[in-house]
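Student: Sequence:
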Amino acid sequence: MADFRLVISDPKAKKAYQVEVKSPDADKLIGLKIGNNFRGEIVNAAGFELQITGGSDKEGFPMRKDIMGTKRIKVLISSGPGFHPKDRGDKKRKSLRGNQISEEIAQINCKVVKYHGEKSLAAALGKEEAKA
Numbered sequence: 000m001a002d003f004r005l006v007i008s009d010p011k012a013k014k015a016y017q018v019e020v021k022s023p024d025a026d027k028l029i030g031l032k033i034g035n036n037f038r039g040e041i042v043n044a045a046g047f048e049l050q051i052t053g054g055s056d057k058e059g060f061p062m063r064k065d066i067m068g069t070k071r072i073k074v075l076i077s078s079g080p081g082f083h084p085k086d087r088g089d090k091k092r093k094s095l096r097g098n099q100i101s102e103e104i105a106q107i108n109c110k111v112v113k114y115h116g117e118k119s120l121a122a123a124l125g126k127e128e129a130k131a
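Numbering that gives the first Met the number 0 puts the first residue of the sequence shown at 0, with every later residue one more than the last.
No wet-lab data here; the hints were simulated from the structure. Careful: at least some of the hints might be erroneous.
What the hints assert, rightly or not - Capping the alpha-carbon separation at 27 Å, the derived lysine-lysine pairs in DSSO-like fashion look like this: (1) Lys-91 with Lys-70; (2) Lys-57 with Lys-14; (3) Lys-91 with Lys-13; (4) Lys-90 with Lys-126.
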């Protein structure tokens, strides 16, 4: 029983949309890794293909692509998600989450990689604003 918040970025429209995904659709995402693609039918965006780009767990620790598995570990890092050094050569030990989606993940970031439908992503998600 997993519930996720998906943040879907649309590179063409340069907008991002938040969608809540509940079980049983959310269970289809468990086990996927950063960089994997999945169909948009999970979030009622039929015809779109989405790619996982990152996420964070329930306590706010970010996922990192180069850490294998689902667990949270302390890693010495010099750049990337979770740490932005002020000076060249700075390193810091930070707690980060692995690259695989599990039930401990709260937010999943993804982007659209294939547009198959005639509708825009906003229309497919039901988030299109009425034009005045």
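Student: Hint by hint, note whether the structure agrees.
Tutor: Tested hints:
no.: 1; hint: Lys-91 with Lys-70; in the structure: 19 Å, holds
no.: 2; hint: Lys-57 with Lys-14; in the structure: 24 Å, holds
no.: 3; hint: Lys-91 with Lys-13; in the structure: 33 Å, violated
no.: 4; hint: Lys-90 with Lys-126; in the structure: 41 Å, violated
The structure is inconsistent with the numbered hints 3, 4, although it conforms to all the rest.
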